[in-house]
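Student: All chains should be modelled from the sequences, with the hints used to inform the complete structure.
Those sequence lines, one after another, are chains A and B. As numbered in our numbering, the first sequence has no gaps in its residue numbers, which increase by one up to the final residue, 158. As numbered in our numbering, the second sequence has no gaps in its residue numbers, which increase by one up to the final residue, 789.
Note that these hints are calculated values from the structure, not bench results. These numbers come from a predicted model, not from an experiment.
Only part of the chain A face toward chain B is listed, based on derived beta-carbon distances under 8 Å:
| hint | residue |
| --- | --- |
| 1 | Asp19 |
| 2 | Tyr26 |
| 3 | Lys38 |
| 4 | Cys46 |
| 5 | Thr75 |
| 6 | Val104 |
| 7 | Pro107 |
| 8 | Leu130 |
When the alpha-carbon atoms are kept at most 27 Å apart in a straight line, the in silico BS3-like pairs for lysine-lysine are as follows:
| hint | chain 1 | residue 1 | chain 2 | residue 2 |
| --- | --- | --- | --- | --- |
| 9 | A | Lys132 | B | Lys664 |
| 10 | A | Lys132 | B | Lys440 |
| 11 | A | Lys156 | B | Lys731 |
Note that the Cβ used here is the ideal one computed from N, Cα and C, for glycine as well.
This is what each chain is made of:
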Amino acid sequence: MAVYKMTVNGVSVNLTADDPNTPLLYLLQEQVQTSGPKFGCGLGQCGACTVLANGQPIRSCITNVVDVAGATITTLEGLATPAGPHPVQQAFISQQAMQCGYCVSGPILYGKTFIDANPGATREQILNALGKTPLLCRCHAHNRMLDALVLYSQGKTQ
Amino acid sequence: MSEFREFEKAEINAAAGASRRDFFKSAGMMVVGFAATGEAAKLAAQSPVNPTGLVDATKVDSWVSIAADESVTIYSGKCEFGQGFATVQMQLAAEELSIPMNRVKLIFCDTGVTPDQGVTSGSQSHIAEFGPGGLRQALDTARDALLQLASEWFDTTPDALTVKDGVVSPKSDPTQQITYGQLLEGQRFSLVLNSQTKPKDPKTYTILGTSVPRPEIPAKATGTFRYIQNVRVPGMLHGRVVRPPVVGAKVMSVDKGSVMGMPGVVQVVVKNNFVGVVADTQWHAIQAAGSLQVQWSDGDTLPDQATLASWMQTLPSADSLTLESGDTDANLAKATRTFSAQYLHPYQMHGAMAASCAVADVRGGSGPNALAKIWSATQGVYPQRDSVAVVLGIPKENIRVIFTESSGCYGLNGNDSVSYDAALLSQAVGKPVRVQWSRKDEHVQGESYGAAYAISLKAGVDAGGQISTWAYEAWTVSKGNRPNATTPGNILSGNLAGLPAPVPTPAKATPPTAFSNNNNSVANYLSGVVAGKPAGGTGTVNSARVLTHTVASPFFTGPLRSPARLQNTFANECFLDEIAAGLGMDPVDYRLRHLTDPRLIAVVQAAAKAAQWDTRPSPKDEHLPFGNPTGRGIACVLYEGNNGYSALVATVEVNRATGQVFVKRLTSAVESGPVSNPDGMVNQTEGGILQGMSRALFEQVKWNAKTGSITSFDWNTYPVFQWGMPVPVMKTVVINNPNVSQTGAGELGITLSAAAIGNAIFDAIGVRVRQLPYTPANVLAAMAASTGR
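Tutor: Right, dumping it as structure tokens:
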């Protein structure tokens with residue numbers, strides 16, 4: 001049984017696995033009890049399992065634990081602070097930008113990463129950025145999610 | 001048994017707060033004299049989880065309890081899937097009881113705890129909760145009792161009282177006050193729902209009718225919401241299923257030794273053709289399922305996908321005759337002009353974001369002393385409990401099914417089947433087991449697909465251009481349906497485990513004796529003549545035949561958002577457009593001259609106005625020197641003939657060279673009676689319309705008849721609308737109609753997308769695409785066929 005050290009949402013953790021190719025998602029769910037990243041496809045085709053590794057979005061369902069040993073992992077719940085939700089999450093709340101909410105790790109984390117690197121990004125630019133990688137929302141709340149991301153891009157939450 | 005129930009009791013009390021426990025401890029009676037004496041002792045002894053599994057929905061206490069601390073707990077049998085109905089139910093309680101929203105707690109869909117309201121589906125939740133015998137009547141009966149108590153306290157009449165924030169005062173002296181909590185003193189209502197009680201007039205709503213934000217969204221946005229996938233039970237193991245590689249294959253042999261040495265593997269479970277593995281972690285279960293050696297028989301013979309429509313027409317069918325005026329053939333023969341066309345709709349998937357997941361804790365094997373607890377995202381906890389009782393051989397009274405939210409399901413997807421899987425595996429190992437399907441499990445052999453349809457339409461038009469006769473004949477497929485107590489084999493897991501499933505019995509149709517809209521197989525433009533008289537349709541056409549043939553499906557089928565209604569509306573609304581185009585009439589004008597229902601007319605006019613409808617005949621059929629031709633199309637529906645009105649205008653651009661369709665704008669108008677939550681209704685409507693666009697443009701289940709396998713096994717092989725594709729500009733007009741009863745809204749949007757987009761494609765390029773989805777291949781094929789004619 002090997003031990004993989006990493007930081008998850010600001011806390012240093014030791015994930016254990018007998019198979020170095022165990023996907024990160026399952027270990028986060030079973031050993032750190034995170035609820036932000038979700039299993040959607042296990043194939044990197046939908047984005048429900050998205051987490052940030054050293055600030056960049058990755059698919060935790062197809063990322064082997066050995067490949068993120070030592071990394072700093074931030075899940076959807078790790079964005080929020082004791083002071084409250086992160087501004088991008090605030091924008092999603094104010095816009096009621098979801099139905100079931102199962103997919104939101106994808107659009108929120110990919111959207112935030114792009115906008116943080118491109119402040120003031122337009123709706124068109126944000127949509128293009130989200131299209132660089134396969135991401136789904138089956139309730140089809142796309143317009144509201146875009147509204148929320150545009151607000152965040154403008155430094156607003158509502 | 002008693003230990004189990006004690007455990008249950010503590011858990012429910014934790015969920016409900018102290019209020020309900022206090023209720024059950026209290027042996028006191030309502031002071032107003034409604035309660036039958038002698039019941040008190042029984043009530044005091046009763047556990048919140050009723051040991052018989054029965055919750056009497058005729059009793060007010062089954063729906064609402066008010067604690068001494070003024071908190072109000074509502075018990076409901078309608079679940080939340082992201083459609084926002086939990087919020088609406090809390091608004092309803094706050095409105096009818098005149099209390100603030102933050103005082104309302106809602107517990108829903110838990111057998112033995114909440115009333116049995118069947119399944120949460122089919123845009124029926126508003127009708128159920130606002131209608132007779134539902135939540136609103138329970139709340140109003142409770143409110144009447146509270147006002148009666150207060151009137152005695154103040155020595156006046158109930159109508160001389162006013163309530164604000166749960167505080168009752170005489171209208172004449174607002175300084176005198178008593179609260180609901182003080183009036184009840186922690187006691188139960190002990191009342192039967194009063195069918196004569198008066199709900200608040202929707203015109204006076206202050207909480208319903210407003211866009212109250214959904215209370216669970218902050219937890220969902222911040223990743224702390226606990227979905228079914230996050231349920232953890234002490235000692236829980238992880239299961240995985242191993243499905244037949246081809247449709248209908250049977251287990252020949254299973255080599256359990258092929259995985260028993262693998263890390264963490266606990267057990268291989270085989271029951272008939274049901275095969276699963278149980279391990280200590282998810283990854284170990286996945287590895288074992290992938291390595292298990294199973295010999296399977298050959299599968300079923302599948303029809304060729306390309307000729308599915310003609311194949312359906314060769315099989316024995318169960319027929320239903322919805323309308324038969326008896327004169328359609330004669331009227332077609334004497335019509336000035338006739339039209340005919342056939343529309344094809346493929347099998348489609350629910351395609352939920354989440355792979356289906358459930359957790360089961362089955363103790364004691366089977367028989368009268370065994371117990372089971374299941375956490376499930378099912379649409380119906382009671383039907384699932386009753387069917388699992390058969391699957392496990394455990395009395396239903398010993399089973400508790402607790403609804404826990406998953407991703408949106410959009411109908412009967414895999415949530416019941418995966419619950420059977422978890423229950424079977426837990427029963428075999430005697431420990432709690434969580435099962436989460438793979439994406440392939442979900443796509444290929446898990447969910448119950450939306451049915452394929454072939455719909456043939458004929459119409460005759462008189463010299464004045466009015467439709468004189470309309471004939472609809474459809475062929476569709478069916479296998480299984482929702483799980484129930486007699487045929488748990490209705491869904492795949494039950495079928496694999498060897499439980500019975502009904503098959504459609506071929507039968508000839510008999511003429512109708514009463515009007516039914518029959519899943520919108522009756523077009524909007526028919527008057528619905530039964531026994532010689534118009535009987536409930538929304539249009540002018542008296543001469544009509546509507547006949548549906550259902551044949552056995554090779555794949556499991558089940559309700560998929562707007563089941564059959566979408567397929568029928570696609571055909572009927574496109575066909576109406578074909579007639580209008582043939583006559584050189586504007587599609588909106590031609591609809592309006594055949595509609596009689598003022599509410600349907602109102603949504604058509606509202607959508608056309610909001611979309612700045614360009615009044616002229618279709619097609620526009622521009623041949624531009626550069627750029628893509630654009631077009632607009634409309635469709636409308638009275639959902640199910642009585643359950644909400646909608647109209648949708650689509651604007652599209654079509655690339656003639658590639659056959660690609662780009663939807664630019666989607667503008668709709670919806671009316672479902674009094675609006676409960678305007679923002680929620682817009683969210684539902686627009687999500688539905690866009691999901692309908694995805695189904696119309698991309699979605700079809702594919703299979704290979706030679707290999708017997710389904711070839712749509714992931715998101716690449718079952719493409720859907722995804723992030724990065726241009727998102728149409730959407731606009732929704734919500735018409736509030738406080739003068740009628742509440743009806744459903746969840747399927748108003750999705751029902752129209754395929755028809756409106758198809759009509760817009762025709763407007764743009766002058767070619768009718770009658771086979772969904774509107775893929776480049778299908779569009780180009782229609783263009784080629786059109787040129788060839």
